[in-house]
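Here the sequence shown is numbered in our numbering, starting from 1 and rising by one per residue.
For the record, the hints were derived by calculation from the structure and aren't laboratory data.
Among the clues, some could well be false.
[Claimed, not checked] Derived DEER-like restraints, expressed as beta-carbon distance ranges:
hint	residue 1	residue 2	range
1	Ile35	Asn12	29 to 37 Å
2	Lys24	Lys135	32 to 40 Å
3	Pro23	Thr63	39 to 47 Å
4	Asn139	Asp116	34 to 42 Å
Beta carbons are placed, not taken as given, at the ideal position from N, Cα and C, and that holds for glycine.
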Amino acid sequence: MYELKTKQNDNNVIEFIENVDNPKKREDAFRLLDIFTDTTGYEAKMWGASIIGFGSYHYVYKTGHEGDAPLVGFSPRKAKISLYFATGDSEREQLLERFGKHTSGKACVYINKVADIDVDVLQELIQQSVTFLEKLYPNESERKHER
Numbered sequence: 001m002y003e004l005k006t007k008q009n010d011n012n013v014i015e016f017i018e019n020v021d022n023p024k025k026r027e028d029a030f031r032l033l034d035i036f037t038d039t040t041g042y043e044a045k046m047w048g049a050s051i052i053g054f055g056s057y058h059y060v061y062k063t064g065h066e067g068d069a070p071l072v073g074f075s076p077r078k079a080k081i082s083l084y085f086a087t088g089d090s091e092r093e094q095l096l097e098r099f100g101k102h103t104s105g106k107a108c109v110y111i112n113k114v115a116d117i118d119v120d121v122l123q124e125l126i127q128q129s130v131t132f133l134e135k136l137y138p139n140e141s142e143r144k145h146e147r
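Start from the sequences, fold in the hints, and give me the full structure.
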């Protein structure tokens with residue numbers, strides 16, 4: 001059976017960011033950490049070796065494949081910063097039109113630096129993604145803690 005590689009673990013988020021080679025990317029990662037934490041109300045957790053995730057949900061596909069994933073997250077990769085938002089909600093595409101300089105794949109949105117994007121729209125994307133997934137998986141998502 002398929003074994004999911006990207007699982008939540010106890011690796012230290014701050015240590016991970018401090019080990020990002022590029023100083024500008026490291027600075028952006030700390031800024032994103034603050035933005036995602038403040039917007040979601042969730043504590044940052046490492047997922048796999050390089051994804052910083054917030055909250056979690058359990059999914060089951062029609063094929064029977066299932067697993068856990070963060071509600072939202074990011075990864076300061078060498079080439080670009082990857083942002084992880086929910087797919088399948090048309091509101092995401094509308095928000096991305098106002099987001100700023102980015103490219104997107106099926107599940108990821110890629111940016112070069114935080115200065116290229118509208119942080120207010122980033123916060124809307126984060127909130128939209130969390131709300132969408134919590135509605136889609138109402139009994140399977142980690143509940144937001146009281147702030």
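| What hint numbers does the structure not satisfy? | 1
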